[in-house]
Amino acid sequence: MAEALAFDGVSAGYGETVVIEDICLSVGARESITILGRNGVGKTTLLATAMGHTRLHGGRIKLNGDDISALDIHRRALAGIGYVPQEREIFPSLTVEENLHVGARPGRWDGARVFELFPHLAARLGNMGNQLSGGEQQMLSIARALMGNPRLLLMDEPTEGLAPLLVEELQRAMDDLRTDADMAIVLVEQNPRVALGFAERALVMDRGRVIYDGPSAELRQDRQRLEALIGVGKDESNRVGEDRQR
Amino acid sequence: MTGPVLEAKGVCKNFGALEVSRNIDFRLAAGERHALIGPNGAGKTTFVNLMTGALTPSRGQVILHGEDITALAQAQRVKRGIVRTFQITALFRGLTVLENLYVAVAERTGAATGLWRPAGYRRDVIDQSLRLLEIFQLQDDAHKPIRELPYGRQRLVEIALALALEPSVLLLDEPAAGVPSAESHIILDVIDGLPADIAVLIIEHDMDVVFRFAERITVLVSGAILVQGSPDEIANNAEVRAVYLGEAAHG
Amino acid sequence: YAKTVKVGIVLPYTGGGADFAKQIEKGMKLYLSQNKDKLGGHEVELVTRDSKRPGGDIAKVAVQELITREKVDILGGFVYSPNAMSVAPLVTEAKVPMVIMNAGTSFIPAMSPYYARVSFTMWQSGYHMGKYAAEKLGYKTAMAGFTNYPPGKDSAAAFKRGFEDAGGKVQELIPMGGPREVPDFTPFFQKVKDAKPNALYMFVPAGSHASAVVKTYNDLGMRGAGIALIGPGDITQDTKLQGMGDGAQGLVTVHHYSADYDTPENKAFVKAWKAAYGADSTPDFMGVQGYDGMAAIVDVINKLNGEIDADKAMDILKGWKFASPRGPIMIDPQTRDIVQNEYVHKVTKQGDRLMIEVVATIPQVKDPCKELKVGKCK
Amino acid sequence: MTVAEAAATALATRHRVRPLEALPWVLAVAAFFALPEYLAVGTQILILVLFALSLDLVLGYAGIVTLGHAAFFGTGAYAVGLLSAHLDWHEPITGLIVAAAAAALVGLVSGWVLLRTHGLTLLMLTMATMTLLHELANEQENLTGGFDGLPVEIDPVLGLLRFSPLTYSGQYLYALGLLFLMFLVVRRVVYSPFGHSLTGIRENILRMHAVGAPVRQRLVTVYTISAAIAGVAGGLFAQVNAYITLDVLSLERAATALIVLILGGHGRLYGAFVGAALYMILEDELAKEFPEFWQFGLGLVLVLIALFAREGLTGLFAQAAERFRKRARS
Amino acid sequence: MESIDIPSIVLGGLAYGMLLFIVSVGLSVTMGLMGFVNLAHGAFAMIGGYVVVTLMGGLGANFFLALLAAFVLVALVSVVFERLLYAPLYRADELSQVLLTIGLVFMMIATVTFFWGTEPKTIRLPSYLAGPMDLGFTSFPAYRIFMIGVGAAMIVALWLGFERTTIGAQIRAAVDNRRMAQSLGINVDRLFTMTFALGSGLAAMGGGLGIEIIGLNPQYALNYLVFFLIVVAVGGLGSIRGTFLAALVIGMFDFAGKRLYPEAGAFFIYAITIAVLLWRPQGLFGRR
Ligand SMILES: Nc1ncnc2c1ncn2[C@@H]1O[C@H](COP(=O)(O)OP(=O)(O)OP(=O)(O)O)[C@@H](O)[C@H]1O
Ligand SMILES: Nc1ncnc2c1ncn2[C@@H]1O[C@H](COP(=O)(O)OP(=O)(O)OP(=O)(O)O)[C@@H](O)[C@H]1O
Ligand SMILES: [Mg+2]
Ligand SMILES: [Mg+2]
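Chains as they are written, first to last, in this note's numbering: chain A, 1 to 246; chain B, 1 to 251; chain C, 1 to 378; chain D, 1 to 330; chain E, 1 to 288.
Isolated chain A, as found in the complex (with noise of 0.2 Å):
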């Protein structure tokens, strides 16, 4: 069976700018990886290369087996890809329930079963976009994807500004999607302790390429690779957002 998804010596960026390098990536059918990288990286670059969101400037994505490098935003959507923002973007004008039912496709998540993840949103229904407090918009991006049962799901940061328990819940949750039959999911993480715990395999980048591919569990061990990797540490406070244009 093919691979979900894909990235052969993928170039992408925006505009003239190349922000992330000849990547190469296959994520399987069921699989799930997590990405990990310091500020400013290409995380989000790269998901957003697999949404159609930047410029290609290299080498071609499959999606099960397809090549979609150059198909429209929203033909990647209909053939199964789900995006949760790093954002949020929440559509401000709609409420909660329209935000959750405008890209709703038939499968397993509807309504009924995305409220029994996030049963705060129930209670929300008829709230605007932007009368959300902003773990609700979280929780409101992540459910949005949902609706749109994707069969690969690309999550930028999803546990952010979310209280702890709910980011177990979804860690939870997650797992099940995880062994849920049909589903990949690519994680972006910036901590460690749930990006590890999330996935078997985890992917580092840096500058714009991947520097480390393979089992979370090594990392989770060697702690001082982690942190050559990813930097967790002091001496490495300078490097906030710094900016990587060439």
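You may find that some hints are simply not true.
[To be verified] No more than 30 Å apart at the CA atoms, straight line, and that leaves these computed lysine-lysine pairs for DSSO-like:
(1) C:Lys36 with D:Lys288
(2) C:Lys318 with C:Lys71
(3) D:Lys326 with B:Lys144
(4) C:Lys274 with D:Lys288
(5) C:Lys321 with C:Lys26
(6) C:Lys29 with C:Lys3
(7) C:Lys26 with C:Lys318
(8) C:Lys274 with C:Lys29
(9) D:Lys288 with C:Lys29
(10) C:Lys366 with C:Lys29
(11) C:Lys136 with C:Lys95
(12) C:Lys6 with C:Lys318
(13) C:Lys29 with C:Lys271
(14) C:Lys366 with C:Lys169
(15) C:Lys95 with D:Lys288
(16) C:Lys376 with C:Lys38
(17) D:Lys288 with C:Lys38
(18) C:Lys196 with C:Lys346
(19) C:Lys378 with C:Lys346
(20) C:Lys274 with C:Lys95
(21) C:Lys95 with C:Lys271
(22) C:Lys29 with C:Lys267
(23) D:Lys326 with C:Lys71
(24) C:Lys6 with C:Lys29
(25) C:Lys169 with C:Lys376
(26) C:Lys267 with C:Lys312
(27) D:Lys326 with C:Lys3
(28) D:Lys288 with C:Lys26
(29) D:Lys288 with C:Lys6
(30) C:Lys136 with C:Lys312
[As the list claims (entries may be wrong)] Taking beta-carbon pairs under 7 Å as the criterion, some of the chain D residues facing chain C (in silico):
(31) Thr13
(32) Gln44
(33) Phe147
(34) Asp148
(35) Pro165
(36) Leu166
(37) Gly170
(38) Thr245
(39) Ala287
(40) Pro291
Note that these hints are calculated values from the structure, not bench results. Note that the structure is a prediction, hence the values are computed from the model and not measured. Using N, Cα and C, we set each Cβ at its ideal position, and we do this for glycine too.
Given the structure of chain A, go ahead and fit chains B, C, D and E with the ligands onto it with the hints provided.
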């Protein structure tokens, strides 16, 4: 005087039928480091909005330095020293970092009402803006418009703008949100280094930050205060763990 | 030797008055093409400018340019009264004779000694409609509705004066919105219907408002309620009449021109018009005003042998007479305003065409406003 | 010099006059001598520049989009007109002062009520307010002359400069002088800390509240200043044309100023100059050639500018200059 | 004391409100839903009117067929406009949109003048739509009763189409955040093109339906623009229901005002606009 600098008395807020703040009694002492935590949608941001005047309470009073400020507009409260940052970055995106700071400093110093003399003549305002840049190590970005700045740096400007107003009470709404834990410590260092006489209230979901920073913690659930206490008390409170912390308290 | 006399024409070629501008221009050009021989071998060059809106300023700049840059000898045109008024000091200072072909506010010719008007005043039709309605049609009570701007106010006031001079009683003058509003006359007509006067005198600017008036009148069944619709000829404009449908039958109006007049001068005029502009095209009162205006200008050129001197030109225009398609006209030497016949029109149907039938003629009417010294003409 | 110092210097010297800024004034003076036959149009252009400039202050700097600015233009015009017609007050300078004061008052009151809204709502509210003033002027025909208008009589400026309806040279100089004075005022305001704070309001009103700015008061202040300048433009209009009608309060007039400003580029001080000159010259020349169809050409230009010069003509210049500078640097 | 016929005021106001709705609903779609400041709405309506006039006058077509043809023709032509001129400015600031659409209005006025001349046009209605109709309690113009019916049918159809399906929400989502909407599988380009075509078609139909009452000449494109804008603004952007309600409220109020105090002229329509917008700045049902 050792009384609270900021006090909420029986503050309530409804959005239609929804009670977002229920009878909140809260005190913040001078120089205190206080954290406000609670589940998503508990009403934490709303509480900040009520204190700063972005929202008016349906009932109750807000008292700053012993003076009832419930009826005061947001701008007047800022003049009296109560300043906030935003959970979702709210900056002047088309202006450069330096100009952003100029706007804030000009408001505090009263320069902003000047209609006639050019802005450039207020060297004092520019110099103070430069000093803030230095504190936040933003000098190299001074000339860049905000929208070209990486998110982490934007968060720094967010806090710099608040400090430019020289607050006596600072309300920080998830200051490190969107900044990876590996790098959020710049922000935390800045917060740690705040003048001791500023009272600080921080809202945060990252328990590492909360427990490192706070002297006292208030837990808000469904709009009402569940408990208040020292970090240890909170970490070991079963109810708090059940509704909010989960296993995080161990981490 | 042959001279080229420059005539500056200021008309609203765009905007709400474009339709009028077209008619006037066609009238002028028709006269010119028919009467080349009357120019005494000289040439006429028309320099046209768009006055766009009735704001005064645009027309003023246009006239200033026409005078200083184009060095025109004579000015003509002017649909909107405010435009004719605003240029008065300019024309007086530059000493350029100006023939006004529409602008109907009564006192305009008095604003500059170089003004002469060949069109009409609202008082001419309104006053005589009032008198005729009371004297001949036997109406005792009436109401007047008008578009709320000076021509409308003048027309309604003139009607009231005429009607009451002849013993009738005007119950109410009702402003019916400005010239730019959505022309829904229903609420006003309902009010009239409830008050049940013998007649409703209506002034609206010629154009789409007029057919809305006739349609609303019929739609509300006011004829059945015994209320007659009368007005100045603006509401039975030749070019709009067919579009009003059968409901227009029986309307009585007073005006100085209709293309249906059965006189040799008019028949020849209409025939020439259709030959020049197509069988579908019909001249209306604007067209004839342009025609007559150009006749006056050509006569001046002829008599002065192409050498235009303002004062001499005005001497010629004062008392100028012409056998117009609308009947004999004259420019009053005292007021430099038009003296013309007013005709009582009745709309009838012949075949499948609506026609204007002349049922009475009021000969050689001077502007009643100035004659009676009322309002701004005091 | 460090980046921060450079940025500080740039901020400190931003208000300095650049040589290029002399260009419009040189052109305007040159036109006076070179094109004496075009001074009537020239005067109308100067008035439109002034009017659009007043709009730029609120639209370009404070981000207030209004369709009712002719309310102030008209108020100024009627102030001068009424003084002249009913009080025999023909002195031009004091007339303009009264015009500015009257317009400022209308701006203050309407601004206080309306400036709590924004966007389409504000657009409609300002327009409706202006239209109510228009109705009022129409209603008070005995005072204002209504639709037919009001002749305005004016004494020579400072007893020296007489207005001839034929040559317009006096009017042109007077208008140019006033435009220059008013421009200096607008320029001062724009580069002042107050002007800087207006930019803050335009960029992020939420944050502006949070840094303690009395936002509404600022907006009302700038609205009032802008109204006063629009009032001067209206008063000037009444004086040089010696005639006013209800048209001074019309939507066309307000919309023209807006179009001119977008065309020239808003928030750039000189957008009003470029936009007004281009619009009027184009309209004038096209209308001369094609009295019936000139709107097509004008419309085409607007469409092209909208599609290819989003920030107006001055924006286009600025971008070109920026690109040139970048290329020069590299 | 004059007698005042209350039912005729209510009915008259209702009919006038429906007229306002019918001529404004296209704008409610292109500007309200799609968020494009479409000042050329009146121009599309005008073109629709001329299509109706031409078909009925020259070709003797049936009124309803002519309306349908105007809808289809203008909708099709508007697709070209949308792709070439509107689409590039979807994300531009509203001032650029103002400039574009005002430019289009000027061009269309000149074009219409060129082809159809300056005189006002009228149409001849089928006889059953002309004259008064007896309703038992009062008699009322047949055409206005027809307009009430058409308006009611339109609002029901649009309400079912936009507010009961997710299409309306999809459009608003795409206006809020185009890229995110695409990422949810919404074909925004096609959606916008179709919606714009619908809005323009509705404008054209409104133009045709309105000729009988408000006439038709090249100035149409600008003359009534203010009224269209007022109706949409008072109703609130993004809500067709709001436009409907606003049209009825304004229609009733303006009608009753003119009926009872004709001297007040246009005062009522502007007064109610100011009152509603100060009370509810986002309009009656505004979403933005
Ligand atoms: N729209 C854009 N235009 C130009 N450059 C961009 C854009 N978005 C991001 N970049 C640049 O691309 C680089 C990679 O950014 P990206 O957002 O992919 O990083 P990231 O790894 O997701 O970081 P973070 O942890 O902050 O989310 C950064 O240098 C950033 O400045
Ligand atoms: N304008 C509004 N209308 C209706 N409900 C609102 C409005 N604004 C906020 N709410 C609701 O009030 C509740 C409290 O919101 P608030 O933003 O204060 O939460 P919070 O505690 O800051 O949550 P988070 O941790 O997710 O940021 C939320 O459930 C939100 O949906
Ligand atoms: Mg990212
Ligand atoms: Mg919050």
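Checked hints:
A hinted pair counts as satisfied when its Cα atoms are at most 30 Å apart, and lysine 36 of chain C with lysine 288 of chain D qualifies at roughly 26 Å. For a cut-off of 30 Å, the pair hint linking lysine 318 of chain C to lysine 71 of chain C stands: about 24 Å separates their Cα positions. Between lysine 326 of chain D and lysine 144 of chain B the alpha-carbon distance is near 16 Å, which keeps this suggested pair within the 30 Å criterion. Among the hinted pairs, lysine 274 of chain C with lysine 288 of chain D is consistent with the structure: their alpha-carbon atoms are about 28 Å apart, no more than 30 Å.
Proximity of lysine 321 of chain C to lysine 26 of chain C is assessed by CA-CA distance (about 22 Å); at most 30 Å being required, the pair is judged to hold. In summary, the hint linking lysine 29 of chain C to lysine 3 of chain C is supported, as the alpha carbons are separated by about 19 Å, within the 30 Å threshold. Between the alpha carbons of lysine 26 of chain C and lysine 318 of chain C the distance comes to roughly 25 Å, so the proposed pair stays at or under 30 Å and holds. For the suggested pair lysine 274 of chain C and lysine 29 of chain C, the alpha carbons sit about 13 Å apart, so the restraint of at most 30 Å is met.
The suggested pairing of lysine 288 of chain D with lysine 29 of chain C holds, with an alpha-carbon distance near 18 Å, which does not exceed 30 Å. Between lysine 366 of chain C and lysine 29 of chain C, the direct Cα distance comes to roughly 28 Å. Compliance with the 30 Å bound is thereby established for this hinted pair. At most 30 Å may separate the alpha-carbon atoms for a hinted pair to count; lysine 136 of chain C and lysine 95 of chain C exceed this at roughly 46 Å. About 21 Å separates the Cα atoms of lysine 6 of chain C and lysine 318 of chain C, which keeps this hinted pair within 30 Å; it holds.
Taking the CA atoms of lysine 29 of chain C and lysine 271 of chain C, the gap is near 15 Å; set against the 30 Å cutoff, the hint holds. For the hint linking lysine 366 of chain C to lysine 169 of chain C, the alpha-carbon distance of about 24 Å falls within 30 Å, and the restraint holds. Straight-line distance between C-alpha atoms of lysine 95 of chain C and lysine 288 of chain D comes to about 23 Å, which keeps the hinted pair within the 30 Å bound. At most 30 Å may separate the alpha-carbon atoms for a hinted pair to count; lysine 376 of chain C and lysine 38 of chain C exceed this at roughly 39 Å.
Proposed proximity of lysine 288 of chain D and lysine 38 of chain C is supported: the alpha carbons are some 29 Å apart, at most 30 Å. At most 30 Å may separate the alpha-carbon atoms for a hinted pair to count; lysine 196 of chain C and lysine 346 of chain C meet this at roughly 22 Å. Note on lysine 378 of chain C and lysine 346 of chain C: the hinted pairing is violated, with a Cα-Cα distance of about 33 Å set against a maximum of 30 Å. Among the hinted pairs, lysine 274 of chain C with lysine 95 of chain C is inconsistent with the structure: their alpha-carbon atoms are about 37 Å apart, more than 30 Å.
Of the supplied pair hints, the one linking lysine 95 of chain C and lysine 271 of chain C is violated, its CA atoms being roughly 37 Å apart against a limit of 30 Å. Only pairs whose Cα atoms come within 30 Å are accepted, and lysine 29 of chain C paired with lysine 267 of chain C is accepted, the gap being roughly 18 Å. About 52 Å separates the Cα atoms of lysine 326 of chain D and lysine 71 of chain C, which puts this hinted pair outside 30 Å; it is violated. Between the alpha carbons of lysine 6 of chain C and lysine 29 of chain C the distance comes to roughly 14 Å, so the proposed pair stays at or under 30 Å and holds.
The suggested pairing of lysine 169 of chain C with lysine 376 of chain C holds, with an alpha-carbon distance near 23 Å, which does not exceed 30 Å. Restraint check: the Cα-Cα separation between lysine 267 of chain C and lysine 312 of chain C comes to about 34 Å, which exceeds 30 Å; the hinted pair is violated. At most 30 Å may separate the alpha-carbon atoms for a hinted pair to count; lysine 326 of chain D and lysine 3 of chain C exceed this at roughly 62 Å. Restraint check for lysine 288 of chain D and lysine 26 of chain C: the C-alpha separation of about 18 Å stays at or below 30 Å, so the hint holds.
Proposed proximity of lysine 288 of chain D and lysine 6 of chain C is supported: the alpha carbons are some 15 Å apart, at most 30 Å. Between lysine 136 of chain C and lysine 312 of chain C the CA atoms are separated by roughly 44 Å; this puts the pair beyond 30 Å, and the hint is violated. This hint is violated: threonine 13 of chain D has a C-beta 41 Å from the nearest C-beta of chain C, more than the 7 Å allowed. With 7 Å as the threshold, the beta carbon of glutamine 44 of chain D comes within range of chain C, its nearest partner Cβ sitting at about 6 Å, so the hint holds.
The beta carbon of phenylalanine 147 of chain D is positioned within 7 Å of a beta carbon in chain C (closest approach about 4 Å), and the interface hint is therefore held. Taking 7 Å as the C-beta contact cut-off toward chain C, the hint placing aspartate 148 of chain D at the interface holds, the least distance being around 5 Å. Taken as an interface hint, proline 165 of chain D checks out: its beta carbon lies about 4 Å from the nearest beta carbon of chain C, inside 7 Å. Annotation: leucine 166 of chain D was flagged as interfacial toward chain C, and the flag holds, the nearest CB pair being 6 Å apart, inside 7 Å.
The criterion of a C-beta within 7 Å of any C-beta in chain C is not met by glycine 170 of chain D, whose closest approach is roughly 13 Å, and the hint is violated. Evaluation of the threonine 245 of chain D hint against chain C yields a held restraint, the C-beta minimum of about 5 Å falling below 7 Å. For alanine 287 of chain D, the suggested interface contact is upheld, since its CB lies about 5 Å from the closest CB of chain C, less than 7 Å. Checking proline 291 of chain D against chain C by beta carbon gives a least distance of about 4 Å; that is within 7 Å, so the hint holds.
Of the hints listed earlier, those the structure fails to meet are numbers 11, 16, 19, 20, 21, 23, 26, 27, 30, 31, 37, in rising order.
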